[in-house]
Amino acid sequence: MCFRPNLSLGSRNNHRASERNLILTVTIMSGKGGVGKTTVAVSFATQLARRGEKVLLADLDVEEPNAGLFLQKQRKDSVDAVVYRPKWREDLCIFCGKCQGFCKFNAIAALPKYIIVFPELCHSCYACSDLCPASALSMVPAKIGQIQQYSVNENLVFIEGRLDIGQEIASTLVRQTRDKALREAQTAGIQWLVFDAAPGTACASREAMIKSDAVILVTEPTPFGLHDMSLAYQLAKASRKPCALVINKDSPGYAGIEKFANEEKVPIIARIPYNSRLAQSYSEGNIPVGAFPALEHALSRIASWLLKVRAGGQP
Amino acid sequence: MALDIGTISEMAITAIMTKTTMGGKLKIIFSASENKGKDSFLDDRFGRAAGFVVYEEETDQWSWIDNASNVNAAGGAGVQAGQAVVNSGATVYIGAQLGPKAMAVLARSTMKLFAGVPGKTARENYELFKAGKLEKIE
Ligand code: SF4
Ligand code: SF4
Numbered sequence: 001m002c003f004r005p006n007l008s009l010g011s012r013n014n015h016r017a018s019e020r021n022l023i024l025t026v027t028i029m030s031g032k033g034g035v036g037k038t039t040v041a042v043s044f045a046t047q048l049a050r051r052g053e054k055v056l057l058a059d060l061d062v063e064e065p066n067a068g069l070f071l072q073k074q075r076k077d078s079v080d081a082v083v084y085r086p087k088w089r090e091d092l093c094i095f096c097g098k099c100q101g102f103c104k105f106n107a108i109a110a111l112p113k114y115i116i117v118f119p120e121l122c123h124s125c126y127a128c129s130d131l132c133p134a135s136a137l138s139m140v141p142a143k144i145g146q147i148q149q150y151s152v153n154e155n156l157v158f159i160e161g162r163l164d165i166g167q168e169i170a171s172t173l174v175r176q177t178r179d180k181a182l183r184e185a186q187t188a189g190i191q192w193l194v195f196d197a198a199p200g201t202a203c204a205s206r207e208a209m210i211k212s213d214a215v216i217l218v219t220e221p222t223p224f225g226l227h228d229m230s231l232a233y234q235l236a237k238a239s240r241k242p243c244a245l246v247i248n249k250d251s252p253g254y255a256g257i258e259k260f261a262n263e264e265k266v267p268i269i270a271r272i273p274y275n276s277r278l279a280q281s282y283s284e285g286n287i288p289v290g291a292f293p294a295l296e297h298a299l300s301r302i303a304s305w306l307l308k309v310r311a312g313g314q315p
Numbered sequence: 001m002a003l004d005i006g007t008i009s010e011m012a013i014t015a016i017m018t019k020t021t022m023g024g025k026l027k028i029i030f031s032a033s034e035n036k037g038k039d040s041f042l043d044d045r046f047g048r049a050a051g052f053v054v055y056e057e058e059t060d061q062w063s064w065i066d067n068a069s070n071v072n073a074a075g076g077a078g079v080q081a082g083q084a085v086v087n088s089g090a091t092v093y094i095g096a097q098l099g100p101k102a103m104a105v106l107a108r109s110t111m112k113l114f115a116g117v118p119g120k121t122a123r124e125n126y127e128l129f130k131a132g133k134l135e136k137i138e
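From first to last, the protein sequence lines are chains H and C. The working numbering puts the first residue of the first sequence at 1, with every later residue one more than the last. The working numbering puts the first residue of the second sequence at 1, with every later residue one more than the last.
I should point out that these hints are in silico values taken from the structure, not numbers from a laboratory. One thing to keep in mind: the hints can contain errors.
[Stated by the list, open to error] Here's a subset of chain C near chain H, in silico, CB distances under 7 Å, partners left out:
#1 Val71
#2 Asn72
#3 Gly75
[Unchecked claim] A short list of chain H residues far from chain C (calculated; beta carbon distances all over 12 Å):
#4 Ile23
#5 Pro112
#6 Ile169
#7 Arg271
[As the list claims (entries may be wrong)] Derived CB-CB ranges, DEER-like:
#8 C:Ala107 <-> H:Ala279: 30 to 38 Å
#9 H:Lys113 <-> C:Glu124: 30 to 38 Å
#10 C:Ala68 <-> H:Gly33: 54 to 62 Å
#11 H:Arg277 <-> C:Asp66: 56 to 64 Å
#12 H:Lys113 <-> C:Gly119: 46 to 54 Å
C-beta: ideal position from N, C-alpha, C; glycine also.
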């Protein structure tokens with residue numbers, strides 16, 4: 001039951017390549033909020049599960065997790081997400097001031113008679129604690145959020161990371177939630193692992209991408225949509241994962257996304273037409289996958305693109 | 001051992017405080033938007049100020065502490081700048097309002113903190129300070 005925070009990069013070795021190949025992992029993200037990233041992720045996971053596939057959906061948008069709002073679910077498990085941060089021991093400190101320079105994140109100020117640690121800036125890198133000549137900075141646990149696991153139906157597992165209010169560093173919790181999802185996917189015989197990642201260019205999204213087989217960027221056909229998406233695309237590109245675009249709320253008239261796709265040679269794999277009844281359902285918290293053939297079609301195209309990626313590299 | 005060091009520092013601090021409050025010569029640091037000595041205009045940002053000008057009454061010298069590396073820092077600019085200001089050894093700060101993190105650092109120092117008047121130079125602010133016309137930052 002005890003959740004051990006993953007403090008090192010050791011998790012790399014937890015998943016042998018042969019085991020990982022059975023699971024198709026995809027990060028779904030967007031340039032900004034509101035373009036339908038979450039509804040695409042939830043509909044995609046829901047549709048696969050309806051077809052009998054074993055799916056795990058993980059909400060890694062830990063600052064604003066809302067995929068869960070669209071799911072009828074039963075809670076199975078809840079654990080505190082914990083990080084380790086230095087606690088200053090005045091009685092041991094020799095006031096050498098070195099810890100201030102050890103911290104690359106400006107989380108420590110060294111005054112002549114006092115050391116201040118700013119927990120909200122600390123990245124738990126252990127440098128100060130390891131290097132302090134007087135062992136006056138010991139790492140102690142602090143809760144930063146929660147990771148909850150739910151069962152939606154026999155084919156769909158949902159995991160959500162939720163950052164506590166006032167916490168500023170999301171990437172640690174994203175990593176912990178991601179790793180819990182990866183572990184769960186191994187043990188539960190999951191075939192599709194879907195990461196709903198934070199929008200924008202937050203470095204937290206990188207944590208999702210680096211463990212994925214592919215990245216899908218959801219955008220809308222407007223100049224603003226293009227602008228925000230192109231920023232997020234740079235991040236996706238840097239991850240060197242196969243990447244594709246999905247146009248949500250599609251309607252004729254704007255060709256900017258197509259132009260961008262041509263220039264960057266990134267495929268547009270699906271379009272979800274704008275539909276006011278669909279928008280209405282979303283606003284009521286329903287993901288009516290079966291009731292909208294155009295949506296169902298678009299989701300199938302996403303799935304077949306992913307299968308092609310797995311079968312033979314770049315489609 | 002530790003007790004000795006502590007006592008000495010305590011005495012040193014008391015000495016500095018006595019010096020400043022007894023009308024000894026001051027060392028004053030200003031948040032500045034440019035490196036132009038006494039003619040530098042105040043920067044209304046602290047953590048992301050271009051730099052800090054320092055005036056020593058004793059020697060009548062103006063010097064510069066660059067803060068450029070902090071201007072685009074991802075986080076903790078206030079902490080880093082606060083540290084630089086503490087390290088300068090100044091006894092008085094005049095300049096931009098302080099964010100919560102910078103305040104946490106400077107409040108732990110023995111420095112006296114004053115809100116500078118934006119749009120005026122360091123020299124002009126120094127004169128306002130001497131005339132008792134600057135408000136304390138609390
Ligand atoms: S490095 Fe350790 S001993 Fe030195 S000032 Fe920091 S806490 Fe104190
Ligand atoms: S653990 Fe790392 S990030 Fe946190 S205060 Fe120490 S050096 Fe800075």
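Hints versus structure:
1. Val71: 13 Å, violated
2. Asn72: For Asn72 (chain C), the interface hint is violated, since the closest Cβ of chain H sits about 13 Å away, which is over 7 Å.
3. Gly75: 6 Å, holds
4. Ile23: Ile23 (chain H) is indeed farther than 12 Å from all Cβ atoms of chain C, at 33 Å.
5. Pro112: 6 Å, violated
6. Ile169: 9 Å, violated
7. Arg271: 36 Å, holds
8. C:Ala107 <-> H:Ala279: 30 to 38 Å: 51 Å, violated
9. H:Lys113 <-> C:Glu124: 30 to 38 Å: 34 Å, holds
10. C:Ala68 <-> H:Gly33: 54 to 62 Å: 33 Å, violated
11. H:Arg277 <-> C:Asp66: 56 to 64 Å: Distance hint for Arg277 (chain H), Asp66 (chain C) holds at roughly 60 Å.
12. H:Lys113 <-> C:Gly119: 46 to 54 Å: 36 Å, violated
The structure shown violates the earlier hints numbered 1, 2, 5, 6, 8, 10 and 12.
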